[in-house]
Amino acid sequence: MDEVIVTQGLTRRFGDKVAVDALDLRVTRGEVFGFLGPNGAGKTTTVRLLNGLLTPSAGHARVFGYDVARDATEVRRRTGVLTESPSLYENLSAYDNLAFFGTLYGVPEERLPERCRQLLDEFGLAERGDDQVGGYSKGMRQRLAIARTLLHDPQLIFFDEPTAALDPTAARMVRDLISRLAVREGRTVFLCTHNLTEAQELCSRVGVIAQGSLRAIGAPSDLARRLWQGLWVEFDLRGAPSDAVIAALDGLPVVHQHSLEQGRLLAELEAEEHIPEVVAAIVAARGRIYSVAPRQHSLEEIYFEIEAQNGAQTGGVA
Amino acid sequence: MNLNRPAIRAIMLKDLRQVTQNKMVWMPMVILPLILLVIMPLAMVLLPTYFPTSDADMQEVITMLDRAPEFMRAPLADMTPLQAYVYVAGNYMFAPMFLIVPLMVASVISADSFAGEKERKTLEALLYTPVTDMELFLGKVLAALVPALVIDLLSFVLYAVVVNAAGYRAMGRLFFPAPTWWPMVFWLAPALIAAALGATVLVSSKSKSFMQTQQISGVVVLPVVALMLGQVTGLLFLSPGLVLLIGLVVWVVGLGLVWIGARTFQRGELIARI
Ligand SMILES: Nc1ncnc2c1ncn2[C@@H]1O[C@H](COP(=O)(O)OP(=O)(O)OP(=O)(O)O)[C@@H](O)[C@H]1O
Ligand SMILES: [Mg+2]
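In order, the protein sequences belong to chains A and B. Heads up, the first sequence is in numbering that gives the first Met the number 0, so the first residue is 0 and it goes up one at a time. Heads up, the second sequence is in numbering that gives the first Met the number 0, so the first residue is 0 and it goes up one at a time.
Bound conformation, chain A alone (with noise of 0.2 Å):
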């Protein structure tokens, strides 16, 4: 079974207030599941109904094939959750921190304090193991925080806005775990950010939520593609185009529109098989090319434009 994670309908409300509606989700096996949207979205109400903390006010979600309203427990057993805030025990040590967790998630006792030291050692927290938590770093919070959530060797890998509250190194070196954990080691990861950046650089597929509901789902290309209908090319020319060139693409249907940009020739084509026949015509014009350049549309252009979009489509409010 390839499918982690599916959702069908999904809702929960808190009163009148509808905080995650109605969602259909897929997550496969093995995938960096990106889930954006701002603050107040549900990302974090939907990791807890996925892991059953929540009842579902309707629908209902499946993960590891277990129901999470009925079979909760089994669902728990399989996941570790990064929650938000590290809730760390502070006048414990590392190390009993893990161990209490370890015992909770049912790490047999004679391999316990094996798997807390090793986890302390890979997280670089080995030398201050035995220290209270209350002395350590943001960053080392977070590392203990997240080795916390492998105890048990799950699957699947919840990590609620991993690096909000880092540094920029600190916030590098989760990243590069978080992509050791999925692309070494073949684990599901869901990640709920509103770091875009992030999302572009660790997921192979993201879902965009505002108010509860899902407005885009898929590889950042493929929402790219879904929101601009043309693909924009850069062509330099090292120079301002001559008029035959302009003429020839002015003389060409699948161009839609094109201008003129810090000395390069922007053309919006209508789809990227067309490339080919544009560099051609621009030849033929005597154009000079010396690069073409597709223009990538990056994770934060995609997020702002289905914003844009929903404003519009709403009547602006957001």
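The hints are simulated quantities; they were obtained by calculation from the structure and are not laboratory data. One or more of the hints may lead you astray.
Stated by the list, open to error - Now the stretches of chain B that chain A is said to cover, found in silico as 3 or more residues with beta-carbon under 8 Å:
1) 15-21
2) 24-30
3) 81-90
4) 112-121
5) 262-271
Backbone N, C-alpha and C define an ideal beta-carbon position, used for all residues, glycine too.
Got chain A sorted already, so can you dock chain B with the ligands onto it with the hints?
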């Protein structure tokens, strides 16, 4: 039901460790028994023994005893006024105060265990583990129940030693405990512990902090204070039968509170209130 015992034990031990590392939590548990069960009884028993002054204190005891029922007066028949005073002070005056100690231990530890976990923002990670609501609840209840019962027994032994030693000169023999103490230590005190636990669990599900929980659930101490006033003013004499009866009522209330507490202790509720 198949309970995960190692997890329950781990939760209990972890909560106990939290308690031993928090001065604000364990200090009162040391100081209060010392005052109630050592210093005050010593003063009350020793002062009249070594400084036989006015008869005012004695007189108070004598008038109180005039209204006392047969079970209390019988052992006093052949005693001097001083002996009667020491016997009554040692066996009856401190009986309600003795009850406060396990009651307080139960409510302080359970407030730290239930509300403190929330206050320190460590509850959420706990809720994501595969332990069931019932296992979590049991671990936390045991963290308060076990020490409270141990303290109940230990402070009984401590008090027995203190009072017998202090009164030995006047009495010339061991005179503690009177029969009332047995149902008090083994029946009424455990019932009060259950009531304190249940009340604290319920209060902590609504409150945000250890302090707030402590203050609100401190109300369960009031019946004991009433008992104490009744005893001291001679309105109420704690006979073994009365202790059994009061214990029964407290058990019913206490177990009821614990039962409601267990039913309301659910992840969905807890996470929504974090
Ligand atoms: N227990 C609750 N009671 C009432 N409303 C709640 C509760 N939990 C969440 N909400 C509401 O549901 C909405 C979604 O909250 P959620 O915490 O899931 O958002 P989020 O995407 O994680 O936001 P953030 O980026 O700030 O963490 C918010 O409007 C929040 O106020
Ligand atoms: Mg959140």
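Could you work out which of the previously given hints the structure breaks and list their numbers from low to high? Those not satisfied are hints 2 and 3.
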